[in-house]
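Required output: the full structure, derived from the provided sequences and hints.
Number of protein chains: 2
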Amino acid sequence: MRLATRANGAPDGELIVVSEDGARAVAVGGRWLSLLQALGDWSAAEVDLRNLATRLAAGQGEPIDPGSLRAPLPRSWQWLDGSAFQTHADLMQVAFQTDSIRSDKPLMYQGLSDRFYGPFDPVPFRSEADGIDFEGEFGVIVDAVPMGTNAAEAMSYIRLIVQINDWSLRNLAVAEMKTGFGWIQAKPPCSMAPFAVTPDSLGAAWHDGRVCLDLVIDWNEKRFGSANGREMGFGFHELVAHAAATRDLVAGTIIGSGTVANADYAKVGSSCIAERRAIEVIADGRPGTGFMAFGDRVRIQAQMPNGEQPFGAIAQKVVPISR
Amino acid sequence: MRLATRANGAPDGELIVVSEDGARAVAVGGRWLSLLQALGDWSAAEVDLRNLATRLAAGQGEPIDPGSLRAPLPRSWQWLDGSAFQTHADLMQVAFQTDSIRSDKPLMYQGLSDRFYGPFDPVPFRSEADGIDFEGEFGVIVDAVPMGTNAAEAMSYIRLIVQINDWSLRNLAVAEMKTGFGWIQAKPPCSMAPFAVTPDSLGAAWHDGRVCLDLVIDWNEKRFGSANGREMGFGFHELVAHAAATRDLVAGTIIGSGTVANADYAKVGSSCIAERRAIEVIADGRPGTGFMAFGDRVRIQAQMPNGEQPFGAIAQKVVPISR
Numbered sequence: 001m002r003l004a005t006r007a008n009g010a011p012d013g014e015l016i017v018v019s020e021d022g023a024r025a026v027a028v029g030g031r032w033l034s035l036l037q038a039l040g041d042w043s044a045a046e047v048d049l050r051n052l053a054t055r056l057a058a059g060q061g062e063p064i065d066p067g068s069l070r071a072p073l074p075r076s077w078q079w080l081d082g083s084a085f086q087t088h089a090d091l092m093q094v095a096f097q098t099d100s101i102r103s104d105k106p107l108m109y110q111g112l113s114d115r116f117y118g119p120f121d122p123v124p125f126r127s128e129a130d131g132i133d134f135e136g137e138f139g140v141i142v143d144a145v146p147m148g149t150n151a152a153e154a155m156s157y158i159r160l161i162v163q164i165n166d167w168s169l170r171n172l173a174v175a176e177m178k179t180g181f182g183w184i185q186a187k188p189p190c191s192m193a194p195f196a197v198t199p200d201s202l203g204a205a206w207h208d209g210r211v212c213l214d215l216v217i218d219w220n221e222k223r224f225g226s227a228n229g230r231e232m233g234f235g236f237h238e239l240v241a242h243a244a245a246t247r248d249l250v251a252g253t254i255i256g257s258g259t260v261a262n263a264d265y266a267k268v269g270s271s272c273i274a275e276r277r278a279i280e281v282i283a284d285g286r287p288g289t290g291f292m293a294f295g296d297r298v299r300i301q302a303q304m305p306n307g308e309q310p311f312g313a314i315a316q317k318v319v320p321i322s323r
Numbered sequence: 324m325r326l327a328t329r330a331n332g333a334p335d336g337e338l339i340v341v342s343e344d345g346a347r348a349v350a351v352g353g354r355w356l357s358l359l360q361a362l363g364d365w366s367a368a369e370v371d372l373r374n375l376a377t378r379l380a381a382g383q384g385e386p387i388d389p390g391s392l393r394a395p396l397p398r399s400w401q402w403l404d405g406s407a408f409q410t411h412a413d414l415m416q417v418a419f420q421t422d423s424i425r426s427d428k429p430l431m432y433q434g435l436s437d438r439f440y441g442p443f444d445p446v447p448f449r450s451e452a453d454g455i456d457f458e459g460e461f462g463v464i465v466d467a468v469p470m471g472t473n474a475a476e477a478m479s480y481i482r483l484i485v486q487i488n489d490w491s492l493r494n495l496a497v498a499e500m501k502t503g504f505g506w507i508q509a510k511p512p513c514s515m516a517p518f519a520v521t522p523d524s525l526g527a528a529w530h531d532g533r534v535c536l537d538l539v540i541d542w543n544e545k546r547f548g549s550a551n552g553r554e555m556g557f558g559f560h561e562l563v564a565h566a567a568a569t570r571d572l573v574a575g576t577i578i579g580s581g582t583v584a585n586a587d588y589a590k591v592g593s594s595c596i597a598e599r600r601a602i603e604v605i606a607d608g609r610p611g612t613g614f615m616a617f618g619d620r621v622r623i624q625a626q627m628p629n630g631e632q633p634f635g636a637i638a639q640k641v642v643p644i645s646r
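These protein sequence lines map, in sequence, to chains A and B. Letter by letter, the first sequence follows residues 1 to 323 in the working numbering. Letter by letter, the second sequence follows residues 324 to 646 in the working numbering.
Worth double-checking, as some hints may not be accurate.
Pairs of lysine-lysine residues, derived as DSSO-like cross-links and limited to a Cα-Cα distance of at most 30 Å, are as follows [said to hold, decoys possible]:
#1 B:Lys428 / A:Lys105
#2 A:Lys178 / B:Lys501
#3 A:Lys105 / A:Lys178
#4 A:Lys178 / B:Lys640
Which chain B residues face chain A? A few, computed with CB under 10 Å, are given here [what the hints assert, rightly or not]:
#5 Ser399
#6 Asp404
#7 Phe419
#8 Pro445
#9 Phe448
#10 Met470
#11 Ala474
#12 Met478
#13 Val497
#14 Ala498
#15 Met500
#16 Trp506
#17 Thr576
Just so you know, the hints here were simulated from the structure itself, not pulled from any lab data. Cβ coordinates follow ideal geometry from the N, Cα and C atoms, glycine included.
What follows is the structure, given as structure tokens:
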């Protein structure tokens with residue numbers, strides 16, 4: 001089942017169920033005006049949503065206007081982003097010239113969740129000098145998870161899977177990281193691809209709490225990377241359990257994988273510019289690629305083996321803020 | 324003006340305006356069912372709320388049932404906690420045996436905001452072995468703040484002032500801090516004192532973006548500290564500007580001062596146990612005070628020079644989680 005959120009003037013938008021080809025949709029309405037509301041009573045909502053999905057499969061529904069699509073969750077109460085790909089961690093250590101992080105637990109920070117940009121929104125930044133970078137990721141949206149839930153139990157709380165661009169300002173990141181407090185200025189709002197999907201809809205590509213799909217990234221219409229999500233060092237269920245160790249997780253909590261990265265980056269490329277720069281440092285002693293400029297475009301979409309794009313595409317342009 | 328939130332079964336509770344002596348209240352209702360709603364359109368809401376405050380001052384209203392009071396914001400979209408007291412930073416460096424943090428910017432992390440415990444709620448933890456500690460703080464609640472707002476401008480976006488207990492699990496904190504990602508497991512939900520007050524209601528005690536009041540803390544009915552808020556190295560307006568450098572702040576964002584601490588801690592004591600332990604390390608080479616045990620109680624209230632308590636008191640007991 002695919003879900004999306006259509007702009008309707010309300011802060012949380014309007015929940016719609018989307019056909020499996022991403023072309024048609026029906027509005028949900030009733031008790032489930034928004035996805036956040038549906039997540040608050042998922043077992044009841046899911047019955048209604050799957051009924052609508054069945055009607056869509058039978059040919060009902062209206063064509064989708066892509067321009068009306070927002071992030072599936074335009075805001076939520078909690079966004080916890082992991083860094084579960086070891087290759088990303090290793091390369092960022094080179095990029096940031098920092099010591100290796102020693103931890104037997106997943107790496108995770110809490111980021112801003114009051115706004116997720118829609119898939120086609122222009123994304124405003126104050127300055128190119130901050131080092132504007134994309135980070136292609138997968139994420140899960142969970143139901144309410146009680147404190148102390150273990151990893152095996154956590155799997156059953158994963159309701160939806162999403163695709164995220166975790167925008168990052170690299171030239172602000174190292175100084176914040178060195179305080180130990182995590183990132184505030186280096187992590188502006190993220191963007192989300194239009195469709196949130198249930199785990200079953202990914203078939204075999206959802207395996208051991210990992211999204212085993214290539215995440216295809218184009219920067220200014222040029223292929224930049226197509227790393228696969230299967231190399232997560234911790235599965236999403238382990239990230240959920242880590243997050244829930246000392247807190248209840250509120251329904252609608254979004255948990256990110258961190259930048260998708262593969263050991264064979266020479267072949268598949270990268271999901272963020274900072275990694276490519278680190279690879280250049282390793283090869284040439286210095287980075288050769290700059291960060292994004294105003295007007296630059298990035299396109300991110302995961303691909304099924306048959307070419308289908310379950311989350312749709314993020315396709316955005318970087319622009320200066322206007323005050 | 325004092326505001327509070329009464330339990331009514333809804334997630335955000337019911338907004339009430341409270342008399343200056345904290346004894347009586349009127350429900351607001353209408354467009355401003357909750358404080359979060361009022362903050363979303365503050366210029367309109369404030370007129371209505373001040374009218375009710377005038378009627379309270381004239382003797383209207385009903386007695387408050389303290390047991391019905393929740394946190395003024397039982398949840399919000401964003402909680403950013405600073406660490407603005409240099410004495411706290413210096414002592415935590417001793418407590419955590421970490422290097423001095425070099426930063427010319429305020430220290431700040433993003434914590435969970437989907438739940439703030441009410442002032443009298445028992446607070447559940449999984450284990451005493453995690454090192455349960457209180458942290459007495461002040462905080463501000465801001466209106467929507469545009470990205471790039473400077474410190475001078477930021478002052479005018481501060482709508483309300485609150486008093487917070489930032490519960491911390493010290494034995495999980497150092498390992499998380501060393502990752503550079505900030506705290507997840509070490510920072511469970513905070514608690515809030517019952518009353519949120521407008522800056523004008525503090526009179527001269529609100530000065531240069533600082534709450535110049537003693538924060539009186541009792542641990543198991545024994546005086547633990549009474550540090551004053553005036554020694555913040557950065558004022559709240561500077562913390563707001565720091566947070567808004569690369570993001571718009573959503574209305575209802577709560578920004579914390581970090582643990583209130585004074586250079587003359589020998590006289591005024593501390594606002595968290597970790598600091599007292601650091602002071603013991605400096606004096607005796609090792610900490611003598613343990614962290615909290617299940618059943619322990621903490622009471623936190625700021626006091627005006629005339630003895631009034633503008634935020635009311637946080638009075639809580641630490642309990643084990645029940646699953």
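Consistency of the hints with the structure:
no., hint, result
1, B:Lys428 / A:Lys105, "holds, 29 Å"
2, A:Lys178 / B:Lys501, "holds, 8 Å"
3, A:Lys105 / A:Lys178, "holds, 19 Å"
4, A:Lys178 / B:Lys640, "violated, 35 Å"
5, Ser399, "holds, 9 Å"
6, Asp404, "holds, 9 Å"
7, Phe419, "holds, 9 Å"
8, Pro445, "violated, 14 Å"
9, Phe448, "holds, 7 Å"
10, Met470, "holds, 6 Å"
11, Ala474, "violated, 14 Å"
12, Met478, "violated, 18 Å"
13, Val497, "holds, 9 Å"
14, Ala498, "holds, 7 Å"
15, Met500, "holds, 4 Å"
16, Trp506, "holds, 8 Å"
17, Thr576, "holds, 8 Å"
Violated hints, in rising order: 4, 8, 11, 12; the structure is consistent with all others.
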